[in-house]
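Hey, can you work out the whole structure from these sequences and the hints?
Using the UniProt record's numbering, read the sequence shown as starting at 1 and increasing by one per residue.
Calculated from the structure, these hints are not laboratory results. From the three backbone atoms N, C-alpha and C, an ideal C-beta is built for every residue, glycine too. Be aware that a few hints might be false.
Simulated DEER-style distance windows between Cβ atoms [claimed, not checked]: (1) D57 / T92: 12 to 22 Å; (2) G96 / S130: 32 to 42 Å; (3) G133 / T66: 15 to 25 Å.
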Amino acid sequence: MTDPPGGGPDPTGPSPRQRWRGRLTAVAFVVAAVGIGLPAILGTSQPASLASMTPADGARLAAAPTSVVLAFAGDFAPDEVHVTVATAAGVTVSEGDPQVDGDDVRVQTGSAGPGGYLVAYHVLLDDGRSLSGMSRYTVDPSLPDARAAESSGQPSPAADAHAHVPPADPVNVALTCVAVVLVGAMAVLLLSRPRIRE
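Rendered as structure tokens:
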């Protein structure tokens, strides 16, 4: 008696070798998809960090800049931004609130004449992390090539031409004191505000 159609093994079905080949093909496809997609997904979430600042830290300028620009890299999503520019005497020259344009933060600045200036910044990101730091630049009209040092985004060679430790500079000491005051004020301002989210 013959088996009814579909009641027994199908001699035309795939062989064990074909079945294994199909499984290996499926596994290879999944591995390739993960290998291509996972780096792309991970690459879109890089921690935010300060990439550059204009004027650069240690820059010596022939004329005071009209603004200070901080360029950030990575996943930069600021919730609050504070930038203060002040002289060694504690005179604030930053004007108005910082303006955020993409990954750049710009604050307009005035001038209090020749001398050292300190830039202090504190950025609170929307994920709860924060970025903070300080930078210094000097305005000295007697430096004819200071503009070139500013445009390159690097400190002037005169700023690091000597390897020995220089004597304490009253301007640097004053700027350090101003930095402590500014950073402390920013911290108090941020901690005193009610948190919007956990």
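Hints versus structure:
1. D57 / T92: 12 to 22 Å: 19 Å, holds
2. G96 / S130: 32 to 42 Å: Distance hint for G96, S130 is violated at roughly 22 Å.
3. G133 / T66: 15 to 25 Å: Since the Cβ atoms of G133 and T66 sit about 22 Å apart, the hinted range of 15 to 25 Å holds.
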